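S.K.: So the chains spell out like this:
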Amino acid sequence: MQIFPKPLNFLPLVAALGVAAGGGVVTFVFVYYFSPSNLQVGYAPEQPVPYSHRLHAGQLGMDCRYCHANVERSGEAMVPPTQTCMGCHSQVRTESARLAPVRESWETGMPVEWVRVHNIPDHAYFDHSVHLAAGVGCVSCHGRVDRMEVVTVQEPLSMGWCLDCHRNPDDHIRPISRITDMAWTSEDATEAERRQMAGLLARAVPPENCSGCHR
Amino acid sequence: MAHYKPILDETPLVSEGTSFKEITEIVSRVTEQKAPRLWWILFVLSVSGTGILGGTIGYLLWTGIGVWGNNSPVAWAWDITNFVWWIGIGHAGTLISAVLYLFRQYWRTAINRFSEAMTIFAVICALLFPTIHTGRPWFIYYPLPIPNQMNMWPNFKSPLLWDVFAVSTYFTVSLLFWYVGLVPDFATLRDRAKNKIRKWIYGFVALGWRGSNRHWSNYERAYLILAALSTPLVLSVHSVVSFDFATSVEPGWHTTIFPPYFVAGAVFSGFAMVMTLLLIARTVYGMHDLVRIRHLELMNKIMLTTGTLVGYAYGMEFLIAWYSGNPYEKYVFINRATGDYWWAYWSMISCNVISPQLFWFKKIRRSIPAMFVISIVINIGMWFERFVIIVTSLHNDYLPSAWGNFTPTLFDITTFLGSLGLFFTAFLLFLRWMPMIAIAEVKMVIPQADPHHHPEGDDHGHDHDDEDEEDGHADLEPALAEE
Chain E
1 MQIFPKPLNF
11 LPLVAALGVA
21 AGGGVVTFVF
31 VYYFSPSNLQ
41 VGYAPEQPVP
51 YSHRLHAGQL
61 GMDCRYCHAN
71 VERSGEAMVP
81 PTQTCMGCHS
91 QVRTESARLA
101 PVRESWETGM
111 PVEWVRVHNI
121 PDHAYFDHSV
131 HLAAGVGCVS
141 CHGRVDRMEV
151 VTVQEPLSMG
161 WCLDCHRNPD
171 DHIRPISRIT
181 DMAWTSEDAT
191 EAERRQMAGL
201 LARAVPPENC
211 SGCHR
Chain Z
1 MAHYKPILDE
11 TPLVSEGTSF
21 KEITEIVSRV
31 TEQKAPRLWW
41 ILFVLSVSGT
51 GILGGTIGYL
61 LWTGIGVWGN
71 NSPVAWAWDI
81 TNFVWWIGIG
91 HAGTLISAVL
101 YLFRQYWRTA
111 INRFSEAMTI
121 FAVICALLFP
131 TIHTGRPWFI
141 YYPLPIPNQM
151 NMWPNFKSPL
161 LWDVFAVSTY
171 FTVSLLFWYV
181 GLVPDFATLR
191 DRAKNKIRKW
201 IYGFVALGWR
211 GSNRHWSNYE
221 RAYLILAALS
231 TPLVLSVHSV
241 VSFDFATSVE
251 PGWHTTIFPP
261 YFVAGAVFSG
271 FAMVMTLLLI
281 ARTVYGMHDL
291 VRIRHLELMN
301 KIMLTTGTLV
311 GYAYGMEFLI
321 AWYSGNPYEK
331 YVFINRATGD
341 YWWAYWSMIS
351 CNVISPQLFW
361 FKKIRRSIPA
371 MFVISIVINI
381 GMWFERFVII
391 VTSLHNDYLP
401 SAWGNFTPTL
411 FDITTFLGSL
421 GLFFTAFLLF
431 LRWMPMIAIA
441 EVKMVIPQAD
451 PHHHPEGDDH
461 GHDHDDEDEE
471 DGHADLEPAL
481 AEE
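Protein sequences, first through last, are from chains E and Z. If you're matching positions, the first sequence starts at 1 in our numbering and goes up one per residue. If you're matching positions, the second sequence starts at 1 in our numbering and goes up one per residue.
To be clear, the hints were calculated from the coordinates, so they are not data collected in a lab. Computed from a predicted model, the values in this text were never measured in an experiment. Hints should not be assumed to be uniformly reliable.
[To be verified] Only pairs whose alpha carbons sit at most 30 Å apart, straight line, appear in this in silico DSS-like list of lysine-lysine:
no., chain 1, residue 1, chain 2, residue 2
1, E, K6, Z, K194
2, E, K6, Z, K196
3, Z, K199, E, K6
4, Z, K301, Z, K157
5, Z, K443, Z, K301
One chain only, chain Z, in its complex shape (with noise of 0.2 Å):
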């Protein structure tokens, strides 16, 4: 990455005076001291609800899927809602690696690695639920073009058969992506471990990372292609996630605006989850002087505009709805507002639309505490927006003898809580034993970065024994008051 230089007084990326060092020393203790006990805490917690996920796909595999509420008319329902669910949040990391990377937001540093993390497990999490969705997983094989004693073939003008493209395409270039943005840190890990384990381990994951000139000009091109590549990703997976609906003939589904309003959706949701996580490992880990004010709010500014554009495509549907003309297309939405489901409408419009406007104001922008209510409440919001869209969309469509409502059952919701478990135990994992901030990118955004710094006067910062208070250096005061 190009070098950055702040425009005019703009306040650092990283505490003023933090040595290179420190950034090495803050974020790799975190992988060689013992768990803190909150850690365990949330790991037995995350682990357990994994467990019932394993318990409850047993359950389910072995009966049936009949096991959920899902029935005709509303064959689609939490399942889906879950799928397009984690797959929205997993957009984040995409966005941030790779559109903010070429756009030289160098703000992203601090949070690249952490959103790509939750990229690659959410996308695990998405993927498991179109699989046990299909009750019968051991024939998941038929969507790929694999020759087989039934001539069968993948359905090229199915959507369902892009979303497997789409999703398992994103999945793997995220994967490199953070792979390859791991390998130097990786090797910062090998090189300051203790044991041999950890060396061995550690060292073979870095892939004889030396850092060389010429490995650091083959990993700049190597980041750059696959940003380059995965831009188009962050626009093309929710668009054909967005196609499973738009282009089936559902009134509320069958509408040209779902591709630009579920990619902007998922950006929405994907950075209030990053945004809930990053505020969590922020406090228990003491990274203040890495992740600062200013990048949460240049986050919440991101929410504020994805969260307006959601609003504009809710009240654009409806005003699509009326100009249309088509009595069921109408019908539809007034039901959604008005019907059976009307309360998780609006839990919809009050979470995505109302609250993230509260970003307007600066205070609530900086204020951690509103920030990750804020942030958890835009999460819930985007489940219920793929909950409506779902079900009141099939629950009554067409003919009023073909109506009927959805009831979860306990399964249905053992599911959800297990794929959250799911998440959190590998995103707990990849707390405890990765470098959850990209060090070495971090370090280039630093001003001792810049050839021409002229260190002045003291370089070497504060001391680092209270970090677990927020924001509570004295020596950072001045700092955070001229931002």
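Just chain E, with the same shape it has in the complex (with noise of 0.2 Å):
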């Protein structure tokens, strides 16, 4: 007596080929999409302020410490207050209705609301000092800043991405002199400059235990 019609036999075939392949599915959605590489890459938030960082920065000129003055001995690059701002633009394009947030906020005193870009998890400690005085330049993280009209996160900002670089520094030492030289690669090294990236490697001692960042 038969219960079930005979192509059932493949059954347990189609089951454990469908449990396959879904598992395969829903694994790559989640390694592939749901991936700081493919969620964070890309970031790109309006500003209060269309500041350009492409004007300032690359064709200006300026160094980024000029604004980030911090950066070299605190754990937080600096957003720059509104004053530095000023240090400028109450000489140059007064009047630009662009720039209106920041004569406002100026005159009441009140911080101009900048939106983060670069957003690590909390339970991620991040220091830009340590960083810059092992050799680390600026643009080895946020990318070249001085072609971006919106500031645009380029790097996954991921921890595998973090260990990476903890794990082969080599290629993004950079002698301190050419840290914010965002154009800057190791191919325009001189002997000297070649002899200190040696010597900051040597002394390079990134930390891959848990607690080197999750404090």
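Put the two chains together into one complex; each comes in its own frame, and the hints tell you how they fit.
M.R.: Below, the structure is given as structure tokens:
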């Protein structure tokens, strides 16, 4: 006596293939689409003031540290206060409509509410000064900011991405004098700079243990 | 399974005269008739317990594991106690199904289905505890080797990771073992089914079993392979659980005796739990012809053996604590017996070491009320054992400035009671819908299964009208008297 039709004999095979394929698809979707390289890279929030890094850092050639002044001394690179902007803009383009929020902030004393672009989780501790002192340049993590009209995340900023460099820092070390130089590459290095880089690399001890970053 | 031949005048494993048909009938009708009132009472109680568990876990995940009493220095407390307790209970399943099978202990046929089911549900309850102990169970994939953006990989040097693999392997193999054994019995239920839905469901899980010669030979082979695979697991699982403690540097944990000591304790508690459940089911469902006093007595002998082994381990721990000359080790053991948790220690000793010694007396070994009480006492004692090991080692270890005591909160209690609810819910559903005794295997051990069997006179035995009475068949009395 048959309860089930004969083709049901294929059910175990079909079910096994289905589970394998379904599991594969789910894993792929998570690994690929839910990864920081998909979710973080390309993030370019609109800022209250359409500040152009391409103009200031690129065309005008201002050093990063003119505005992000504490980056060599503190964990935070620091968003410049309105006073830094007004240092120039009290003289230059004083009537620009696009600068209205900056002038308003200058008059009221309330800071401009810049939107954070590079955001790592609270449980990850990151210190700018340590990285700069070790010879890691701005461009390694932030990309060619001097070419960005709007600052956009270039790197995944994931734990795996951090560890890639902590395990193989060689390609990301540069002479201290070239820290903020976005265009500089290791091919441009002089003999003296090469020696300095070798010294920095020899001293580098990027932590790979948990408490290096999760304190 | 090869044919069973009783040695000399050994009493048969099934009441004399019980026919093939009667065995099918006794086991199958439980799933076919309405559930008895007692089943419903127990089921409502168990489901309420499961509800309490669900509520507690929900609150715990919302608030954090601070709702439990665990805190520095006692970071492991009831949760890990319950984990080890449940895993230990889950141990009897493989021992009975695999080890006793390989050793041709035919009396296992009456209890193996039962204990395998118990194993599955106990391991589920056990896995619950480390999962919620993490506080963030959605990260439970961390111990699995899945490629991820964090470049994080399991730490294969950690005994906690070995635990993950040991327990999940154990669970998988136990489940397979259980299911393979169930296939012929599901087919029996399918063939007896009167309505379409039953036919469909049992037919589906019976995987098209027709009972052909080829089916049986494949079945036997699969069963043997699974038995061989799971035999090492009997030793490995609880050894690995003991490594969670033994590989640490806590006084009272860092000892080489832990793996065998834990395995003995696990078999001990597993058999006690099987006994508790078996006695209830045997009485409620009238399984006296299939589960006889002889089975129970043999189980009691195993409990006596393992209980004595556990008692030896307790003594040996003290000896080594003294012999090692390590002041911390020595202190921890004196503190166990005389410190703040002396009551837990002495509960453990009286439940685990003293109570099974009563099984030296044949009268007690064969008395249903006595073995029921002792089996429950052993379960309590084994819970205390894990509590004593975990809490007394942690609460006063090295620096007196870091000493502290543990007090359970309401949520510790509800999680534990809730896990019992979950276990019994699953177990009662099993009793209700699955053949609780391996029909096909029991049939292999009755005298009629012997090709040379010559029925002497009437091989169709007594009727089953008054099953509920404890061993109350008039025609059974002579058989029992001979035992």
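S.K.: It remains to establish, for every hint, whether it holds in the given structure.
M.R.: Here is how each hint holds up against the structure:
{"no.": "1", "hint": "E:K6 <-> Z:K194", "result": "22 Å, holds"}
{"no.": "2", "hint": "E:K6 <-> Z:K196", "result": "18 Å, holds"}
{"no.": "3", "hint": "Z:K199 <-> E:K6", "result": "16 Å, holds"}
{"no.": "4", "hint": "Z:K301 <-> Z:K157", "result": "39 Å, violated"}
{"no.": "5", "hint": "Z:K443 <-> Z:K301", "result": "25 Å, holds"}
Checked against the numbered hints listed earlier, the structure breaks hint 4 alone; every other hint is satisfied.
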